[in-house]
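Visitor: Using this note's numbering, you'd call the opening residue of the sequence shown number 1 and step up by one each time.
Among the clues, some could well be false.
In silico DSSO-like links for lysine-lysine, alpha-carbon gap of 27 angstroms or less [to be verified]: (1) 19 / 123; (2) 42 / 74; (3) 23 / 74; (4) 123 / 42.
FRET-style restraints, in silico, Cβ to Cβ [said to hold, decoys possible]: (5) 106 / 17: 14 to 20 angstroms; (6) 126 / 88: 33 to 39 angstroms; (7) 20 / 74: 27 to 33 angstroms; (8) 73 / 128: 26 to 32 angstroms; (9) 74 / 21: 31 to 37 angstroms; (10) 86 / 116: 26 to 32 angstroms; (11) 88 / 22: 39 to 45 angstroms; (12) 121 / 67: 18 to 24 angstroms; (13) 105 / 16: 15 to 21 angstroms; (14) 75 / 128: 29 to 35 angstroms; (15) 15 / 128: 30 to 36 angstroms.
Hints listed in this document are in silico derivations from the structure and should not be mistaken for laboratory results. Quick caveat: nothing in here was measured; it's all calculated off a predicted structure. Ideal Cβ placement from N, Cα and C applies to all residues, glycine included.
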Amino acid sequence: MLEPTQPLSHAPWTQVHLKPRGKARTRVEFHFSPDYVSALWKANALPRLDTRAAFPSPHHERLLLDDVIYIEDKTVFVHAWLVPAVEPEYFHLRVRVAAPTLLTRNGRLSLHWGSHQYSLPLKAGVVEFEDISPPNFSRYHNNLPSHRLRLSFEFESGGKNGKH
């Protein structure tokens, strides 16, 4: 997905499992590295002339995340794409949650994007965060995946949620 001249020094994202304390919900978060998000984001700003480029057109969606989490002892596939919006500097974030059966625990999907936070009810299927502004691509902490660029899945407590 990145140009060969732009190697990542760290993984593009990290999966973090947070156990509930008190009334807090169980959470699974994906923290994204600033360089990874920046490379995907900036591909929207400049038209590509190379037909072998990762993104042949600034109008194509970009895969941000492809991973698996476990909810209610079920394997749930999570895919997220940055989809260009009408405004050149903005994207929609489309998240697809694929579960083998309906999820019975109530949950929330939150996107923490720099100083902005967006939330939607969690459900199996496709949800979309619209008109997301460019985040701060700060390299504080040496480009490690950042809690400032994260997608969180929060669930009501009860049942098993975590790695098998």
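Visitor: A range of 39 to 45 angstroms was offered for this pair. Does it hold for the Cβ distance of residue 88 and residue 22?
Guide: holds, 44 angstroms
Visitor: Using the beta carbons of residue 73 and residue 128, state whether their distance is inside 26 to 32 angstroms or not.
Guide: Check passed, 28 angstroms falls within 26 to 32 angstroms.
Visitor: Below or equal to 27 angstroms on CA atoms is what counts here, so check residue 123 against residue 42.
Guide: Given that 27 angstroms is the threshold and the Cα spacing comes to 30 angstroms, the pair is violated.
Visitor: Hint check: residue 23 vs residue 74, CA-CA at most 27 angstroms. Holds or violated?
Guide: holds, 23 angstroms
Visitor: Confirm or reject the claim that residue 75 and residue 128 have a C-beta distance inside 29 to 35 angstroms.
Guide: violated, 23 angstroms
Visitor: Against the range 31 to 37 angstroms, how does the distance between the Cβ atoms of residue 74 and residue 21 compare: consistent or not?
Guide: violated, 24 angstroms
Visitor: Using the Cβ atoms, figure out if residue 121 sits within 18 to 24 angstroms of residue 67.
Guide: holds, 20 angstroms
Visitor: Regarding the pair residue 19 and residue 123, is the alpha-carbon distance no greater than 27 angstroms?
Guide: holds, 20 angstroms
Visitor: CB of residue 105 to CB of residue 16, is that within 15 to 21 angstroms?
Guide: Between residue 105 and residue 16, where Cβ atoms are some 19 angstroms apart, the hint holds.
Visitor: Is 14 to 20 angstroms right for how far apart the beta carbons of residue 106 and residue 17 are?
Guide: holds, 19 angstroms
Visitor: For the pair residue 86 and residue 116, does the Cβ-Cβ distance stay inside 26 to 32 angstroms?
Guide: Violated, since residue 86 and residue 116 (Cβ atoms, about 19 angstroms apart) do not stay within the stated range.
Visitor: Starting from the hint 33 to 39 angstroms, judge whether the C-beta atoms of residue 126 and residue 88 obey it.
Guide: violated, 24 angstroms
Violated hints for the displayed structure, listed by number in ascending order: 2, 4, 6, 7, 9, 10, 14, 15.
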